[in-house]
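Engineer: With the sequences and hints as input, model every part of the structure.
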Amino acid sequence: MDARLQPLPYPSDSLKGLSARLIESHHKNNYGGAVKRLNAIRTELRQPPGAAVRPGFELNGLKREELIATNSMLLHELYFASLGGDGTSMEPAWEMALTANFGSVASWREEFIAMGRALGGGSGWVLLSFQPREGTLVNQWSADHTHALAGAVPLLALDMYEHAYHLDHGAAAAAYVDAFMANIRWAGVYQRYQAAVHAASEPFGATHDDVAAARLILDVRRAGVFAEAPTMLPGARWVDPAQLQRGAVSATSAASAASAASAASAASAESAESAITAAPDEPVIAYCVYGHEVGRAAALQLRAAGIDARFLVGGIDGWVRAGRPLAGKGAGGSAQP
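Going by the working numbering, the first residue of the sequence shown is number 1, and it counts up by one from there.
It cannot be assumed that every hint is accurate.
Said to hold, decoys possible - Here are the in silico distance ranges between beta carbons for each label pair:
| # | residue 1 | residue 2 | range |
| --- | --- | --- | --- |
| 1 | Asp144 | Ala327 | 23 to 33 Å |
| 2 | His208 | Leu62 | 48 to 58 Å |
| 3 | Thr88 | Ala229 | 19 to 29 Å |
| 4 | Ala229 | Ala171 | 51 to 61 Å |
| 5 | Arg215 | Ala322 | 53 to 63 Å |
| 6 | Glu202 | Ala150 | 18 to 28 Å |
| 7 | Leu62 | Glu110 | 25 to 35 Å |
| 8 | Asn29 | Ala195 | 24 to 34 Å |
| 9 | Asp210 | Asp168 | 20 to 30 Å |
| 10 | Asp86 | Arg324 | 39 to 49 Å |
| 11 | Ala199 | Asn29 | 16 to 26 Å |
| 12 | Asp317 | Gln47 | 52 to 62 Å |
| 13 | Ala327 | Ala182 | 41 to 51 Å |
Don't read these hints as lab results, they were simulated from the structure.
In this text, all values refer to a predicted model and were calculated from it rather than measured experimentally.
For every residue, glycine included, the Cβ atom is placed at its ideal position computed from N, Cα and C.
Structural biologist: Structure, rendered in structure tokens:
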């Protein structure tokens with residue numbers, strides 16, 4: 001089946017610092033060229049002789065070009081889908097996800113921009129990707145449309161081939177990177193992140209009845225949400241999800257996932273770490289408000305650290321709607337990490 005050219009998701013003249021001429025040329029000639037090239041390669045691969053009798057050098061060449069054309073098509077589609085916003089408006093949960101993985105939104109931005117500028121005058125892509133194995137976000141360098149982090153899901157794509165900017169910016173790659181950043185549509189990035197986290201975590205859901213068997217229940221609602229909430233699940237312990245990041249918890253190390261969760265004492269943090277890392281084969285259940293990406297990502301991160309962690313399907317909202325009991329903070333629950 002032939003690949004189909006996808007239309008631009010916004011008017012070509014609607015982006016700041018990226019002209020309609022540039023966007024239309026990029027879409028038609030470079031993205032469109034990749035789609036046409038892929039279809040031609042697929043047609044050739046369907047022709048006789050079959051793969052078993054085709055000369056090895058010929059088959060290798062065709063499959064290599066198929067990979068390049070396919071990734072070029074897909075990354076260009078993600079590139080255009082990444083634009084069309086104001087570059088700043090983010091959902092609080094997405095800001096928290098960037099903070100949890102990079103230390104702050106500013107730190108993520110600094111690294112991503114630096115990677116783009118480093119590719120100036122060369123070629124390649126800068127990708128913000130979700131890594132399902134560890135439930136983390138990573139900035140990834142990619143060249144020649146062929147380098148990808150195995151299993152990762154790209155969420156945001158910056159094209160650093162000169163065709164992406166030379167009509168407007170000449171050799172000034174840094175100015176182009178700034179223009180790209182000013183046009184990011186964060187709502188779309190966040191939606192892709194949600195979908196990726198849901199897909200990766202789906203096998204690890206816990207039911208309401210599973211809660212009774214859990215040795216530890218972690219409330220991972222965002223700090224602001226938790227601060228305003230009067231109640232939590234009975235026996236639960238709150239951990240700031242912004243601190244629950246790669247390397248924060250290990251079943252064998254002394255690192256504490258909760259050490260910066262609040263202004264609690266070092267002794268309390270040590271107690272939290274002991275509770276999380278003790279008996280890693282026994283189930284831990286994490287919950288957020290609705291059972292979406294916050295609780296799910298926390299479970300994935302804990303599982304990567306060797307903890308048998310699951311997320312509560314439906315979150316605390318589903319728990320309440322099912323008529324299950326709650327406890328006040330400090331009364332059968334704990335606001336300390």
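Engineer: I'd like to know which numbered hints this structure contradicts. Please list them from smallest to largest.
Structural biologist: 1, 5, 7, 9 and 11
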